[in-house]
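Asker: Build out the structure end to end from the sequences listed, making use of the hints.
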Amino acid sequence: MTDRGIWPDLDPQIQLTLPAGVTAERTSARIDTARGVLVLSIDGVARKAYPLGGQARLTVGEHTLELRPGDRAELAPLVTATRITAGPAAHDRDRDGLPDVLDLLVGAKKTVVNADAYTAEAQGYLSLAYPNGDVPRTIGVCTDVIIRALRNAGLDLQQALHDDIRRARAAYPMVKGRGDPNIDQRRVGTLLPYFKRHWQLRSAKLDDPADPLWPGDIILMDTFPSRPGPDHIGILSDRHGAQGLPLVINNWTNGTVTAEMDLLPAVPVLYRFRLPQ
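At position 36 of the sequence shown the residue is numbered 54 (this note's numbering), and the sequence of numbers has no breaks.
Worth flagging that the hints you see were computed from the coordinates, not collected in a lab.
Keep in mind the model is a prediction, meaning the values are calculated, not measured.
Even glycine gets a Cβ: it sits at the ideal position worked out from N, Cα and C.
Take the hints with a grain of salt, since some may be wrong.
Stated by the list, open to error - Label-pair ranges, simulated between beta-carbon atoms:
no.: 1; residue 1: Ala186; residue 2: Thr100; range: 43 to 49 Å
no.: 2; residue 1: Pro286; residue 2: Thr82; range: 45 to 51 Å
no.: 3; residue 1: Ala260; residue 2: Gln295; range: 29 to 35 Å
no.: 4; residue 1: Gln141; residue 2: Pro294; range: 37 to 43 Å
Answerer: Put into structure tokens, the structure is as follows:
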């Protein structure tokens, strides 16, 4: 479906996956007729969007949905009259009909399709535009995945972080002077105080039944246990690895490209954050 965000040329290639075995007892749906989209949530978290205006009709209570045939087949057993509402999303920064948490996931998926390369140039200091600055689309490091995914949801992390440094200088002892919007948002350690201050802190456990992992959650990892604090960052995917844990959308190291990787079984997670809803 059409998304208002980064790299619209990649929109047709983005596919989101619902978990196997999900039932109508866990789902709810919201229709946004103004933007021509239906958003399906699982356990209260937006998971997938479906464009309206197709040829396959599905009647749910007082609502008649016009869907694509494949979407109708997927939604028919999941949408019930008592769990469907109408209206815009409560949190939709760019007003494209996708809740921010889902827009973030879509943006992360775009970075996977884009497959930017982790290079020596990407690791270096680059002069960026401000606001909405970005390194060349063909390159990036782990933090650029986050910057781009959030920009897809209408949040400019470069500006948001720079503004927060100005407001709460003491919260960022690692930042020199008044901050540098060319590099601060591209450093994992500098992002940690921002997420602590503005996002929902979730359990870092991988098997916490009271706080399960969700697609779009941002995780900060420790790839060098001998060094204190996190040094890598990624976004949980809607796809799972061999052990049933979510894959991590990230750009791992020099020589890799942004991809979905099975990191959770081997790399410790120190922090997990969720975009406020």
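Asker: Going through the numbered hints above, which ones does this structure break? Give me the numbers in ascending order.
Answerer: 4
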